[in-house]
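Participant: Okay, here's what each chain looks like letter by letter:
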Amino acid sequence: MDRLPTMIFKRLAFGVLTLVIISLIVFWGVEALPGDLAQTILGQAATEENTAALRAKLGLDQPAYVRYLDWLENVLTGNLGESLASGRPISELLSARLGNTFFLAGVSAVLAVPLALFLGVVSVLYRDRWVDKFISISTLSAISFPEFFIAYILILWFSVEYQIFPSFSRISPDMTLWSKLNAVALPALTLTLISVAHMMRLTRAAILNVISAPYIEMALLKGLSPWRIVVRHALPNALSPVINVIVMNLAFMIVGSVVIEVVFVYPGLGQLLVDAVSNRDVPVVQASVLIFASAYVSLNLLADVLSIVTNPKLRNPK
Amino acid sequence: MSEPLLSMTNFVAEGYQDGQWKRIVDAASFSLNKGEVLGLIGESGAGKSTLGIAAMGHVRAGCRIAGGSIIFDGIDLIKAPEKQLRELRGSRIAYVAQSAAASFNPAHTIMQQVVEAPVVHGVMDLKSAEIKAKDLFKILQLPKPETFGNRYPHQVSGGQLQRAMVAMAMACSPDLIIFDEPTTALDVTTQIEVLGAIRAAIQAYNSAALYITHDLAVVSQIADRIMVLRHGREVETGEARQIIQNPKEEYTRALVSVHHGTAPKLVGLEQTANILDLKNLSASYGVGVKVLDDVSISIPKGRTVALVGESGSGKSTVARVIAGLLLANQGEIVFDGQSLTQSYKDRPDDILRRIQMIYQMPDVALNPRMKIRDVIGRPLEFYFDMAADAKERRVSELLLQIGLSDKYLDRYPSELSGGEKQRICIARALAAEPDIIVCDEITSALDPLVAEGILKLLQNLQDNLKVSYLFITHDLATVKAISDEIVVMHRGRVVEQGTRAQVLSPPHHSYTKLLLSSVPEMSPDWLTGVLRDRAAGG
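If you read the sequences in order, they're chains A and B.
With the working numbering as the guide, the letters of the first sequence map in order to residues 101 to 418.
With the working numbering as the guide, the letters of the second sequence map in order to residues 25 to 562.
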């Protein structure tokens, strides 16, 4: 059983290393942009003297590596800096946004994951028959469209034609859970539609991979129903790849919702990132990217741990 | 006489192969009464597994039922709807497969799987199913029956898992159990335990059984009657004792005599020099796990040394060390008087040529995309640099030596039977004109009659060519047939070695004795006798 802690520790170490590398890339990427913060802040009003003065004030006259280390030190102590656009601390800006993004991702996951597993199982049970083909074609068409297109179609149907859900997903902390759910319904549905196909197809493929195993024939000869054979005997042995694709999709729901947040004017991290990029609010961009990267790294760690936990051979050594 | 429990009439099954339907089972008929055990025996491809599974109303993918009827207790299993079959399967007819390791679901504990059928079929509630399972574990002599079920399949040994599968089949007290080669994958010493346990369990619950195997000696311990199958057709059916002692058909006689017939080797061999000496070899895979522990074996010129042991005894590791595929940690390999470098990479071509290998699975050992002409011609080119016409002549000559002919030249391995493929492997080894051939379980994957032919061929070749064999096997019958000297290995150590007469006659080392007494004999009373002796002996 001491394999698991060692593995988690190793993975964490790699994750931290990955984050350091990402922070370097982000930092140097910003460095490579023409102009610098001082010029951006001053904009039209920039003169030789006041730019130089602001550089000195912001510490921009220091060499790049010193500034990187300063920035890294601040990040490590939880100080992400201040937004250039609003002057507010970034951590304050982020925390509300981050919560919103996780909320949207969470709602989408709760919809998408069980749906994908269910459809995967159903398409195995009816494989090569019309049910299977219908599921395949419809989920495939859903990912074939760009997400904003799906978003607009949903708005057209559910907000314009039938007015069930709002097309602007504004939420605020003082709303009830129910009205929050109502607000995020359309973006969550969009995320669900574009992520179900991956998960469902991989679930189907992973189950079909084990369905020719002798223990499946044994289950059949024990007189079990097809449903029970697939869910209880095939699925547990197909979990490892399924978990991986689910977690990748969760990461996508957090990170990849940028366009969707913009379409639905949802106050999430993606929206913030887009605003920050257009305002050239570099510290905010850096912080957001770092948070996206951490989400990816920790979800991948979670996938690895789950793969081990669901494998009885690794969980119960001889 | 009352209605039989199961009756199969003119049953025909077909399999889809090479674009057409071929008959696997051709008009088989038999009936089975309550509490009776029928043995189905035949070689691979005889259709016996198809027949067994069909008795549960199931056919594997790529097969179909083409005629006949199978009536179980008044229900026609061919016409019955899937739902009705599902209710029968697991509750009234149960199945025990060949490989328990593959047939247990790795994701659930043994108990979860044993109680599944009774609970799903509504025969028992979970509590009483668990109690019943523990009773069965006890009858099947599983260790710690109270907690055995809490383990996962990978946490118990192969023999225990096989018995657990018998428990799983008996969980609903079925009327009929299909045993499909349940002991074939086991070592002899384990086989005897499992066989004893199976017999005790079916007697305790008075179940009827269909016992499928290729081993006549095994089936005669359990079956009341035996049905012999060949190429999907019934050869003969009779009382177990009659089939063994007084077979009517030629084919059955051949099957029976495989076990008796061992060509006596020349006795009083004069001493010859050793072609290969293994001196105090120790080897391990990775760190710590010692697979070979101080192993010394000598192989005289022109003789056959049989290396016997069960799985995990390290016998195949010996072959790998000789071939230079695995480096020993200690010890020396002396070949024809000179010390060999350990890795095959450092050995000169001529040494490589003089040591050849033949493997267990000819299917895997032959390149499926090469014609036989090229398979055998390759070493001729490689070692002797032969020109095209000389090579051609030599390949024909070799084919003749192994009992095949020129018409095999342009065939691909897939067009050959298992025995023919193994002959090709032998020819390929011979093409190098080796001094010694290491034969690793080369008859294990073959049917008994085919294996017997291969052994005879090897003996003829040795008489003519004076080649030495290191013959690695777990099968003592094979050892008796071919060896001059015998080395017995157990857990990486040599426990006994000597001439065939010395090793096979008393006094034995205790492990050799266990091994010898575990080989099933062609007598219906053998198992009872052995189990009684062992119980008495402690």
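Wrong hints could be hidden among the right ones.
[As the list claims (entries may be wrong)] Listed next, the in silico DSSO-like pairs over lysine-lysine satisfying Cα-Cα at most 27 Å (straight line):
(1) Lys431/B - Lys413/A
(2) Lys168/B - Lys158/B
(3) Lys156/B - Lys233/A
(4) Lys413/A - Lys314/B
(5) Lys431/B - Lys504/B
(6) Lys168/B - Lys156/B
[What the hints assert, rightly or not] Partial list, computed: chain A residues near chain B (C-beta under 7 Å):
(7) Gly115
(8) Pro314
(9) Leu324
(10) Pro412
No lab work stands behind these hints: they were computed from the structure.
Using N, Cα and C, we set each Cβ at its ideal position, and we do this for glycine too.
Participant: What are the numbers of the hints that this structure violates, sorted from low to high?
Facilitator: Per hint list: 1, 3, 5, 7 violated.
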